[in-house]
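Undergrad: Please construct the entire structure, taking both the sequences and the accompanying hints into account.
Protein chains in written order, with our numbering: chain A, 1 to 682; chain B, 1 to 166; chain C, 1 to 300.
Calculated directly from the structure, the hints in this document are not laboratory data. Glycine is no exception: its CB is placed at the ideal position from the N, C-alpha and C atoms.
Taking lysine-lysine pairs in the DSSO-like style, the calculated list, with each CA pair at most 27 Å apart, reads: (1) A:K90 with A:K103; (2) A:K450 with A:K584; (3) A:K646 with A:K584; (4) A:K90 with C:K129; (5) C:K269 with B:K109; (6) C:K107 with B:K58; (7) A:K282 with C:K52; (8) A:K523 with A:K488.
Which chain C residues stay away from chain A? Per the calculated CB distances, all over 10 Å, these: (9) N18; (10) L59; (11) Q117; (12) G156; (13) S249; (14) K267; (15) P271.
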Amino acid sequence: MRSKTSYEYPLRICSAPIVRENLRRFWPAPLVGAFLYLAAGPFMLLLAEDGMRQNHLRTFLMNFHPVFACMLVVSPLIAAILPFRHMHSKGASAVMRALPVTKGTMFGSDYLSGLILAFAPIFLVALGTLPFLEPGFAHFAACPADVNLYFDPAWYPDFSDLILWLADSVVTVLFVFSVAVFAGVIAGNTAMHLLLAGLLNCIAGIIFAVTFGIVNRFFYGFSPDVGAGMESFLHPLAFLMTYGGSVNMAFPGKLDALILVVYAATAIIVSVGACILCRAVKAERAGDPVVFRGAAYIVTFLVTFVGMSAGGFLFCDMLEESQVGVAPGGVWPPGAVPVNFYVGAFLGAAISLLLTTMVLRRTFKVFNARTLKDFGCFALVAAVFLTLATTDVTGFERRIPDAREIKSATAELISVNVFPYQWNFVQTVLLTDREDIAALTALHRDILDKADAYGVARTEPYASDRDAQLDADSFPFPTNDFYIQYEKIGGFGLRRSYTVEASYPLTVGADAFGRFAETRAYKQSLSLANMAGYENLTELTLCHIESQFGPVLSQSGISDKNGMIEFAKCLDADFETLDFDDMKGDNQALMTFLIEYRAPKAETDESMRGGVSQVRATRFGQAIAPNPVSNDPDARLTLLYSITDKYERSVAWLKERGYYDGMIKATAELVREAEAEAQIYG
Amino acid sequence: MRIAVPEKVGAERVNMFELDFKTRKSIYEQVIDNLKERILVGIMRADEKLPSVRELSKRLTINPNTVQKAFRELERQGYIYTVSGLGSFVRARDDIRPDERLISEVKSKLAENIRELRFLVPDRTVAQEMIDAIFDQCCAGDLRNEDPNDESPNDGRSAKDEPARS
Amino acid sequence: MIDIRKLHKSFDGVPALNNFEMKVRGGSIYGLVGTNGAGKTTVLQLIGGILKADDGKVLVDGRPVYENAAVKEKLAFVPDDLSFFSPYTLRDAGRFFSELYRDWDGKLFDAIIEQFQLDRKRRLSKFSKGMRKQAVFALALARTPACLILDEPIDGLDPSARKTVWKYIVDAVADRGMTTLISSHNLREMEGFCDSIGVIHRGRMILEGDLHALTTGMHKLQVSFGQSGARPEGAYDALHVMHMETGGSVDSLIVQNDEAALERFRKEKKPLICDRLPLTLEELFLCALGGENDEIKDVL
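TA: Take a look at the structure:
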């Protein structure tokens, strides 16, 4: 049998006999993978009950099933290792290089074989899933938010979902495979290949996490949500794990197509780079840990960098509590020098460097001048990095724009417990008035000044879909969060976030915060007009909140719509006049109302501008969590509103309409019941 | 010069000689000596075609270059002649003219051996007799006249042909 | 056929081949000998296109080998380390090579395998070391290469297998002028088959050429002038002595002189014993190395 080999066509990228040979030798690997996939997937679907079948199917297609998710990593890794193994032993390398193919052709052949091996299980399983899918291609468009994807028959997975899953899987596998192939070109033996493949795949994530962690720790005011959404760009798996991939379309505005294209393009670039590099690999280095000396340096550097950061963080966390003079939570006030961190960083770096050098030189005897020199080089670079990352050379921390330059500002206050509402939530204040903005900048400055005593380092972006109450538990003491964003006139804005001890606004920061709380914008944001919208009010009932079982409703309340609206207007008017002392809630609440209102229909519902509900959170105008907007006319949200005797107008209105006495009595009744309860239940 | 019709006979006769890989004598020398012997003794007749270099090397499993060299040397010494395109042929014995240098080489070898004999046999007369006897023996087996009707070419080979292969 | 000029090759900064030159004539059987670690395998791997030279040229048929698929197609390199082939069966390997090499001769492959009595369907890892060598040899020769390169090929084979191997090599050389390059320590065997020789020592070629020409120019002499000390002054001045060893009253010399010079020596110095022995490849090798190490002892 005469077959054309590469020499006849100088530019041929792969040689058919070699591809065939690779497939002949390695076909069991994808077979096992396919078997696992089929067992976990279509086979399970066969066994599942009818009702649960679609549920399972969607889980698979969203890669939430562990086997499916695992296969996206394991399959390409193995496929990248097997065909390239000949590069990792001297004997095999000698034989393969003597074959009548150029190195480029060999690479292309191995690459193609690997791709086939990697993709085979996926396509097999796609075929196996076909019988379970609904016919049709309807699901390429985003689906509305209130649809229950798992049980709504109109949204059972169909061919379009499979195509989306295939797109996700193909890109993920391609990416992991390409990076693993690149690692294989640099590595000299199979063990190092595996290690490097893992390291390089995670490298973006590691560097991101480390840099982010350090900057977040060292720069008071750094807003962690700058990185929100960036995790999708670190690795396709991160993208899939966070959002479930393209199939889960519950998040409108997600850039999934862009992400897939970016990853595919990166994969191709990495592959081309691997091909170019592989032609420079010397046969005599087969079997060494790393075949390029430069690569050895880079790997050492990366691992030591990670070790340094880990060491630094570890030391800080370990020693914080025992340290005197460091604020609880361990933030370093602007200008302070965190000795712990540097000690830990040094130790972490030293240990990582020694371990990595041992692995790369394949000996335990690394305590010599050469290693010291390497450490010195690393220390130099690390010093530069740490200096930049930890000291405030740019004046980041203290920067507050001049009030005259600010066009508008947004402040988000999280868990700042203010009157009149009785639950913690996220409050958004939009400021455009010059006076109001000045108050905000003054507050900002005050927060910075009080950072030493009251500042706290937050290590992750505020995840607003969690209950704010829960979040408070993540610290050993209650905290408040301030997110401040400035839009400057004709320029870039400024964004900061601060976490402070909960006592701040009411004690140490009372002056500054009080001034801010008395601004029109602040009052505006808390008005019922903003929070609920007068037309949306549906119920207003008296209640008591001191019970440990939650608010207790009484029979008493305002039932007619117009009455509610009028009363609400009074409440808002009264609130407008309160000053900070009144708002601090020191005064005993006269009575508390449970206010129910219709959930907004859409994002752009005017009545929701600037306000918040207890469940939804905005982050500078951009939704980051499922909105409780709903097309269901019966969906309701609630607020708890307390009034004091300072609410003169409201009290007058109640008296005028004859509600007052009944409500006072009912309140007393509820209080008595609560006390009795407390007696029984302790 | 007659050119004999190529026969297989010459080639088959060559089959008979064996090479000794263990001896100090090189293969090259052995091939030359063996061919020479066959020519001198008369096993291979005048104008008989020798096997080709290819055939001979394959049959004996030796380097064809060695065979080539041997043929060239034999040609130089006058034992064979080559016709391009047809092959190499045995030269008639009378036409063989070994060159002087070789003769002197052989003579010095002979001298060496005689010297050795003298160490063993101090008596000059006895040694002389031995030498004469050996010479007669050597001469008896060869220098046979060319006779195409002669049907037994192998008989004349003497059992003792030590001197040729030391 | 093979031409190496001014070759330099280092590994991790340590030079392995230094200004190395080598010429292998087409159709010859060339033996590459040298001490362990002298660079033999490196040279073969450079010729096979496995390693890349740091400097200099490695040409096969006038064309550079490295990354040249067309040239490599005509080469068959049989390495010393056969571990690569372990998972293969002869049938699979044969099929693979038949697809890769245009000049694959299936019939020859079958013939060799049969002659060696190798099981086509059995994995090579199950073969003995010798059988594995035979198998790989079959795979190499069946490609009908223009140039066969063997690294330590004959070690581990039984005598009849060796004969068969040589038979096939000789057949190929004789029939189609295949060039053969062999590296081995078994100088005796090489001596029987090689027509050219190259001696490597410490990364340089110190002796190269036609074996016959090299050895006929040199002779081993055993000379004695009687009892110890009876040797006259300057006894060997007239000879070009490459190497000398003295054992009691007998000197063993390796000299590079022609017959006439030896005859003169005998006449003038009149040694009691002067035996001449043909030089073996082994002695040539040791002598060449001896020369490199400045072990020529002063005659006086």
